[in-house]
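Colleague: All chains should be modelled from the sequences, with the hints used to inform the complete structure.
Protein chains in written order, with the working numbering: chain E, 1 to 336; chain D, 1 to 336; chain U, 1 to 336; chain Z, 1 to 336.
None of these hints come from the bench; they were simulated from the model. Treat each hint with caution, since some may be false.
The list treats identical chains as interchangeable, and a pair is accepted whether it falls inside one copy or across any two copies.
In silico lysine-lysine, DSS-like type, Cα no more than 25 Å apart, as pairs [to be verified]: (1) Lys-258 to Lys-242; (2) Lys-258 to Lys-329; (3) Lys-329 to Lys-116; (4) Lys-92 to Lys-329.
There are 4 protein chains.
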Amino acid sequence: MVIQKGASLHGIAEVLDLLSKKGIEIKSVDWRGRTLLVTHPNPASADLAQLDQATIVERLVISTPRAQLASREFQNEPSIVRVGTADVGGQKLVIIAGPCSVEGREQFLEVARAAKQSGASLLRGGVFKPRTSPYEFQGLGEEGLRLLAEAREETGLPVVTEVLEPERVKLVAKYADMLQIGARNAQNFSLLTAVGRSRMPVLLKRGMMTTIDEWLQAAEYVLVEGNPNVVLCERGIRTFDKVTRNTLDLAAVPVLRKLTHLPILVDPSHATGNRDLVGPMAKAAIAVGADGLMIETHQSPETALSDSQQQLNLSEFADLMEELEPVAKSVGRRIR
Amino acid sequence: MVIQKGASLHGIAEVLDLLSKKGIEIKSVDWRGRTLLVTHPNPASADLAQLDQATIVERLVISTPRAQLASREFQNEPSIVRVGTADVGGQKLVIIAGPCSVEGREQFLEVARAAKQSGASLLRGGVFKPRTSPYEFQGLGEEGLRLLAEAREETGLPVVTEVLEPERVKLVAKYADMLQIGARNAQNFSLLTAVGRSRMPVLLKRGMMTTIDEWLQAAEYVLVEGNPNVVLCERGIRTFDKVTRNTLDLAAVPVLRKLTHLPILVDPSHATGNRDLVGPMAKAAIAVGADGLMIETHQSPETALSDSQQQLNLSEFADLMEELEPVAKSVGRRIR
Amino acid sequence: MVIQKGASLHGIAEVLDLLSKKGIEIKSVDWRGRTLLVTHPNPASADLAQLDQATIVERLVISTPRAQLASREFQNEPSIVRVGTADVGGQKLVIIAGPCSVEGREQFLEVARAAKQSGASLLRGGVFKPRTSPYEFQGLGEEGLRLLAEAREETGLPVVTEVLEPERVKLVAKYADMLQIGARNAQNFSLLTAVGRSRMPVLLKRGMMTTIDEWLQAAEYVLVEGNPNVVLCERGIRTFDKVTRNTLDLAAVPVLRKLTHLPILVDPSHATGNRDLVGPMAKAAIAVGADGLMIETHQSPETALSDSQQQLNLSEFADLMEELEPVAKSVGRRIR
Amino acid sequence: MVIQKGASLHGIAEVLDLLSKKGIEIKSVDWRGRTLLVTHPNPASADLAQLDQATIVERLVISTPRAQLASREFQNEPSIVRVGTADVGGQKLVIIAGPCSVEGREQFLEVARAAKQSGASLLRGGVFKPRTSPYEFQGLGEEGLRLLAEAREETGLPVVTEVLEPERVKLVAKYADMLQIGARNAQNFSLLTAVGRSRMPVLLKRGMMTTIDEWLQAAEYVLVEGNPNVVLCERGIRTFDKVTRNTLDLAAVPVLRKLTHLPILVDPSHATGNRDLVGPMAKAAIAVGADGLMIETHQSPETALSDSQQQLNLSEFADLMEELEPVAKSVGRRIR
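Modeller: Listed below in structure tokens is the structure:
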């Protein structure tokens, strides 16, 4: 339950005290300049009636038990998350492009320019890489962050990059416009709390085995820190079928649409692990109603230091952008 | 390996004998009026060289080891399967509509007329129902088959219905234009053989836990009986996520497109089990490149004897058909 | 709901009529010489009260909604299924041994003798093989059935073999002591009905994708034909993890124990697909409380026509039987 | 590849330089007082021959590509990890008992005493809890750590507890004898590196979605920091079947046994989420060859602040310990 309150909380102290005595936890959240009181679990309706009469309470929201601030009951109107110059969640679809890893200055700037030219609205590039093996390329680190900033300066595109540890959130936030939480950290709660506190836009990928309910609760960890700037990104779940790297669960998009006001992107690159499938799945993602896409691009995918099977080369990406436009129009959206 | 041969087989008897001695099985298939010799496993290249020299052999095809007749190596050009008046696999998408179960004369005829009017090309209706429990409604049986035939007569739409047992194939074939193999029978090999022998068009649904490779081999059971009229239908796989009844694996469509010449449909009704998701997933299926859709429709879904959660009512279906047209156009296809 | 009735049903006709008018289906089942009336769904309690007063009703059972005859509510005492000379479900564990496929007379008789000598209580051998590809070895067919009968005659061990089609049930029943329903036919309802009607002992394997609830309902299809001789066999489910062929779900054993009176076996051979894992998983299956095991054995696994990776050779099986005895004792059971 | 080296590395500098030029990464690891050079990927055999001739190299190990130090090729003899007074991996099984969460002084001490009395060798208790929802009980934090230390002092049992963040590793290491990495952090690589650097014993749980291969590579992240004290713990994977909370993959135990020298425990409490299943699965885990168990115990499970469905009460645990002894003996192990 969410209680929204304007100026002062003193007036409802008595009622809060009552709830607390009944074992209901109350969390005070600073939300877009107002104070919310989030209770858990929902109070009994008798107690609610009492609360309602307290005239100082602006609004009472009874929401799905666990993902409260993420829910449509709390905010019915779709959220638009501003990331630098880009709005995520509006009628215009957001296309995030860029390489799996930032590998060097020339490599990244070339991809960045091409992304800009083809009509992408955000730039991606991994600099801290979560690799299955400790012996694999772990990313360029802070040097890579500087290249992200340089590319933004040159192209004007805001940048998103993954952060792996709570103690690096500040560092990454210094350079990037949006912090990505990767699939392996989908339930790394201390990291979620840390990016919540940063108040930066957060791109929250679904974990490989995360249910929709768990995913929304992970988002709630960010929201409850007073950070409303969360964008969800479906990237495939792990199933018995290994013909694609993961199984892209596109039904998650309309399912989430009913449950939450947060914008929803789709990443067909990681979902399929196969460049030939990126185009068809990108079209499907737009048709199903996603607010945008994250697509890995590279000038020479076959020599990339990671994810060489799934990155599009720059002309493939440019062609795909042309093909996506009519699909977007067919469902009332646009790419440019 | 497939050896295609015209008039006579006598000329290559010697070579076949050689292969047989090396433990290679040879199956003779009557394929569109010609004789194919399908070998398994593929012979060694030395033996192939010898075979190649036998001038009586028209064509040699080395294909993926197990699904040979289904493979692009055997036939690169996409198959178009004719079902009554409808072509499955052409530029025009095929929409199959109708109720989960045929429940009675009035019920079915009304749905059939509405399907026709909204632009569907085929009619569906279950009369033998594979139900999880023996205590659930098992379908109208032969009485239902007669209603299928009556609806076809009235609307001109060909009909597809599920067959559950080899010994009923002839009965169902007497009334229906296309035989459906359901998900639970995806590896019921004697049933696959029986529908293969019927030479009727077959709609082969994917099993809930069937890999792409297993699915194509199931199709091969039909093809190897000399029945080239197989249409695949993705209907969702079973995964850890229960927010939808199954997880619709749309990447299967472009994956199959590369491997096989057979047409591919998508069933968003069974995949999601939720009527609110049927529309978005139908659009996604078209955008990803499916050759058509199977959508459950009913005049009064909430009172239906089966699948009441997922059937569209008749006006919802009519509206959806309107919305699908621009999506189809955006990928170079059409609905009408 | 199950109503158990002795001599005559006439006395309760009125009540049955009432139930029927309320849309409750009633199925009459001939059960161990008595007549049961199984209703679906459960009647309302008001109607039940009325029924209860009808003195001709012997016993009323309100059971889990869908698997009624399989439930503990219907029969609390564990079932013991007699198969030839063997009792499945008693304190003595039942070990079923034999090759994946019957390949020939000498091959099968040798394995049969070794199984007998090592202490197995039943013999297995596939003669109709459900193969993923139509080009793979499909079994010896009726010739194989005759070899099964011959091996039984020589060793005194009852035999179990898989049946794939309703129309072959009679043929197989002529030779075998127990009919196996394989994983791919776990929801082949017409086959389940056919083996139900045969009244033969049935070994019902779990499907790769079958939930516990669906599995019990599949058993119900056999039971509702008046055939109480059903034995369940866990053989692994399909999951994301491919290090073993399937994932053996041993928790299914104690879960089923609470829900059903039917005996439960475990097949570690098909579950793992790897002979090195058969021994450890066999021990675990006994420790968890299974009523026995099905283990594939072959005199020369590496040259077997099917499942060569998972069959134990004859001395490995003999050794394993020695190792299983103390594990059985540690949980109050025995092998011999 | 692992190169083991005694006193000095200077002698092989030339060869290392050669490898490096060929794009092979070399990591120097301080391993039980010696220096290892781990290369990735494995060098070509020609280069290896050259390396072999360098007499200063003590030993060359060619191991599975990615999990090198964890592999049997590197160390064939099973590792025994000492945790306080307990040895994990020896003939005596290790039973870890204790509540899901440390809830207070009296609660924890009572459970600790009972664990000791029933024969447990280690004590568990969560103080930093990774909860799906931000509104759920998050653990007592440092106050809980002090209670862990107090219980150890009183009972003499070493304690294991979960750590969630790299920056808290030092704090937890001050109080606990073993650091647990939970399932949700199975691929939290910065956390794995941090516990690696601590050189403390580490209990590494399998993730819900982690393959065996990924799990071993996660262990490698700890090992490569020179920390050989890693114990693996299977706790169930996520599958389509929801009758248990997770599906306990007991085949993982013998599979890992062949691949790695690290000890392997099993956690039947989290795997099943159901106290009635803990006993049977504990027996199965011992029979399959696990080196021990982690079992949640609580004096009053129904009022526990977390995991109330799965914790055994203290007398259930005492009884279970009695029942496990004969199972352990039947496979050549012991509990006490």
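Colleague: Does each hint hold? Answer for all of them.
Modeller: Do the hints match the structure? See the list:
no., hint, verdict
1, Lys-258 to Lys-242, "between (30 Å within a copy, 16 Å between copies)"
2, Lys-258 to Lys-329, "within (22 Å within a copy, 28 Å between copies)"
3, Lys-329 to Lys-116, "within (21 Å within a copy, 28 Å between copies)"
4, Lys-92 to Lys-329, "both (10 Å within a copy, 20 Å between copies)"
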